[in-house]
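Build out the structure end to end from the sequences listed, making use of the hints.
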Amino acid sequence: MFSRDRWQEIFETIRKNKLRTFLSGFTVALGILIFIILFGFGNGLKNTFKEFFLDDATNTLFLFAGKTSKPYKGFKSNRRIEFKNDDLKDIKENFPFFLEYITPRISRGASVRYKNEFDNYTTRGIAPDHQYAEKTIIMKGRYINQLDIKKKSKHAVIGRLVARDLFKQEDPVGKFIDIGKSVFKVVGVFQDEGGDNEERFIYIPYTTRQSLEKGNDKVDQIIVAFRPELGHTGAVAFENQLRKFLKAKKSIDPTDPRGIFIRNIVDQLKQNQQFANVLQLIVTFVGLGTLIAGIIGISNIMVFVVKERTKELGIRKALGATPKSVIQMILQESIFITTISGYVGMGVGILILNNMGESLEDYFIKNPYIDMETALFSTMILIIFGGIAGYIPAKRAASIKPIVALRDE
Amino acid sequence: MIQINDLHKSYKMGSSSLHVLKGINLSVEDGELVAIMGSSGSGKSTLLNIIGMLDILDTGTYEIDKVLIEDLDETKAAKYRNQFLGFVFQSFNLINYKTALENVSLPLYYQGMKRKERQDKALKYLASVGLADWATHLPSELSGGQKQRVAIARALVSEPKLLLADEPTGALDTQTSYEVMDIIQKINQEGKTILVVTHEEDIAQMCKRIVRLKDGVIIQDTKVNQVLAEQYV
Numbered sequence: 041m042f043s044r045d046r047w048q049e050i051f052e053t054i055r056k057n058k059l060r061t062f063l064s065g066f067t068v069a070l071g072i073l074i075f076i077i078l079f080g081f082g083n084g085l086k087n088t089f090k091e092f093f094l095d096d097a098t099n100t101l102f103l104f105a106g107k108t109s110k111p112y113k114g115f116k117s118n119r120r121i122e123f124k125n126d127d128l129k130d131i132k133e134n135f136p137f138f139l140e141y142i143t144p145r146i147s148r149g150a151s152v153r154y155k156n157e158f159d160n161y162t163t164r165g166i167a168p169d170h171q172y173a174e175k176t177i178i179m180k181g182r183y184i185n186q187l188d189i190k191k192k193s194k195h196a197v198i199g200r201l202v203a204r205d206l207f208k209q210e211d212p213v214g215k216f217i218d219i220g221k222s223v224f225k226v227v228g229v230f231q232d233e234g235g236d237n238e239e240r241f242i243y244i245p246y247t248t249r250q251s252l253e254k255g256n257d258k259v260d261q262i263i264v265a266f267r268p269e270l271g272h273t274g275a276v277a278f279e280n281q282l283r284k285f286l287k288a289k290k291s292i293d294p295t296d297p298r299g300i301f302i303r304n305i306v307d308q309l310k311q312n313q314q315f316a317n318v319l320q321l322i323v324t325f326v327g328l329g330t331l332i333a334g335i336i337g338i339s340n341i342m343v344f345v346v347k348e349r350t351k352e353l354g355i356r357k358a359l360g361a362t363p364k365s366v367i368q369m370i371l372q373e374s375i376f377i378t379t380i381s382g383y384v385g386m387g388v389g390i391l392i393l394n395n396m397g398e399s400l401e402d403y404f405i406k407n408p409y410i411d412m413e414t415a416l417f418s419t420m421i422l423i424i425f426g427g428i429a430g431y432i433p434a435k436r437a438a439s440i441k442p443i444v445a446l447r448d449e
Numbered sequence: 091m092i093q094i095n096d097l098h099k100s101y102k103m104g105s106s107s108l109h110v111l112k113g114i115n116l117s118v119e120d121g122e123l124v125a126i127m128g129s130s131g132s133g134k135s136t137l138l139n140i141i142g143m144l145d146i147l148d149t150g151t152y153e154i155d156k157v158l159i160e161d162l163d164e165t166k167a168a169k170y171r172n173q174f175l176g177f178v179f180q181s182f183n184l185i186n187y188k189t190a191l192e193n194v195s196l197p198l199y200y201q202g203m204k205r206k207e208r209q210d211k212a213l214k215y216l217a218s219v220g221l222a223d224w225a226t227h228l229p230s231e232l233s234g235g236q237k238q239r240v241a242i243a244r245a246l247v248s249e250p251k252l253l254l255a256d257e258p259t260g261a262l263d264t265q266t267s268y269e270v271m272d273i274i275q276k277i278n279q280e281g282k283t284i285l286v287v288t289h290e291e292d293i294a295q296m297c298k299r300i301v302r303l304k305d306g307v308i309i310q311d312t313k314v315n316q317v318l319a320e321q322y323v
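Protein chains in written order, with this note's numbering: chain A, 41 to 449; chain B, 91 to 323.
One or more of the hints may lead you astray.
To be verified - A few chain B residues that don't get close to chain A, going by computed Cβ distances all over 10 Å:
#, residue
1, Asn95
2, Lys211
3, Ile309
Claimed, not checked - List of simulated lysine-lysine pairs, BS3-like, C-alpha gap at most 27 Å:
#, chain 1, residue 1, chain 2, residue 2
4, A, Lys441, B, Lys251
5, B, Lys204, A, Lys351
6, A, Lys310, A, Lys284
7, A, Lys347, B, Lys169
Keep in mind the hints are simulated off the structure, nothing from the lab. What you are looking at is a predicted structure, and each value in this text was computed from that prediction instead of being measured. All C-beta atoms, glycine included, are put in the ideal place defined by N, C-alpha and C.
The following block contains the structure:
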């Protein structure tokens, strides 16, 4: 394999048969190039899908309270259940193993004004961890922090579109806005990949909201995030335990389907991931198809090459070439060509993908890419199968009697 | 040099079989120049192919240089061909993308000789057929006679015991044929054993012995007074 002499013989053959070399190299390079690009497009499609459906944190449970439908422990049915601040504390203390973070959310509509501009927006009273639940991205300033919660400060973080509508070109941070009848200081502007509606919210400390509402401690919604490593099963177990715990605490009949509602994003996530998996399957299928087409292309070229060389191989055998040396020569040559052109095709494919970037976003292909592992692996596969494809006709050619190969056409 | 006893060979042609060689007994001594003659279908090429180990015999024995040739698989045949035999074909069979020098040095490559050595040796043999100046030319740039001389140099470069020439002048005009025969005679005079298959009487007369085949048997085996090709060149 590493004999210098054999390499010299091969290079000579390659140099003197440029067209043949080019044709087989081109087939291989094209095969791997198309594979890389199609696979990259598939990944781009997946990126788009992820952006559309997987924007929020996926390890969250949404807790709502409603009316009971069964009497229990002396309470009548149709009783209204409400979450309070101490529920947050209790969940934190009782489920440290499951819990990643917890935040309340109190949504209220309000008329918001800055100078002469005003509009109606939804405000959300939240805790700092809410940022993770919505994957909120801070553009300017900061998010609500623990100090705001403690001091019940009148600080607000406004969405990008709120800032655009109310402030136009002005920098909102540090300015004061009226929310309902209260004055809030804008401490930050955020954006959210979830779309326009998500960027029309105004976040304020939940304690501030409570104090504005006569200092109560009611919470309409609790968002609980579990540790992602729990997986789907762990999340469902957590959900069940949480429901049981809250029902016991709020004296709700354990068999009552109402009273406490928990929306587990993980179920939704599972569906979306199933869809993503189907997408992945299609991508893989397309990739595999291209790869097989590439292999067939190489096989054809190899059959052609060996056929063309039959006479030459006959001469070589008459001069003392053993079948083994004939096979080795053909294989080494074909693997050499496939390797070089395979990696060239791979390089060009990756280069094209990298330069494409956002340009195909209109066609739902965002940031097409292929990971190095897949690229290298598929190139290797193509080379190996190219070798196998070359071996079969090479073996046949090597076993042809020289007398047959030399017979004048 | 060659000892052939009761050699039979037949080819399957569909359901029937064609008996081509029907008991050949032939013995060739060192240094002989033998013409094998016969009309087409007489079995002369088949005989040459068996001697050349390009084909295998059915029954009988074949010895070359006191080595019994039997159980011939491709690898073994390749080794023997490289060790014992040099071939010259009617259609030259040069590799068309290799220069004259590269063609001549190819048998040495399969002997495992080093590149430099084999180039020197190949050039020496190319010079011996008068083509040293054409070493870097491709076969397509050579005339028919030159191609055959390259082929002869290639056949000789591995220093074979026996040179086999299958209609070496078949594709050449009379003048060029004589030139080629002149070279073959000179090689013979240096002691090389040569077998020439031909159907041309004048070419056969330039050998030292004529073996005539007809319908798969030897009908005549005579020594002749060699006509020297030199006088026509």
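Hint by hint, here is what the structure shows:
no., hint, result
1, Asn95, "holds, 22 Å"
2, Lys211, "holds, 14 Å"
3, Ile309, "holds, 25 Å"
4, A:Lys441 <-> B:Lys251, "holds, 22 Å"
5, B:Lys204 <-> A:Lys351, "holds, 26 Å"
6, A:Lys310 <-> A:Lys284, "holds, 24 Å"
7, A:Lys347 <-> B:Lys169, "holds, 24 Å"
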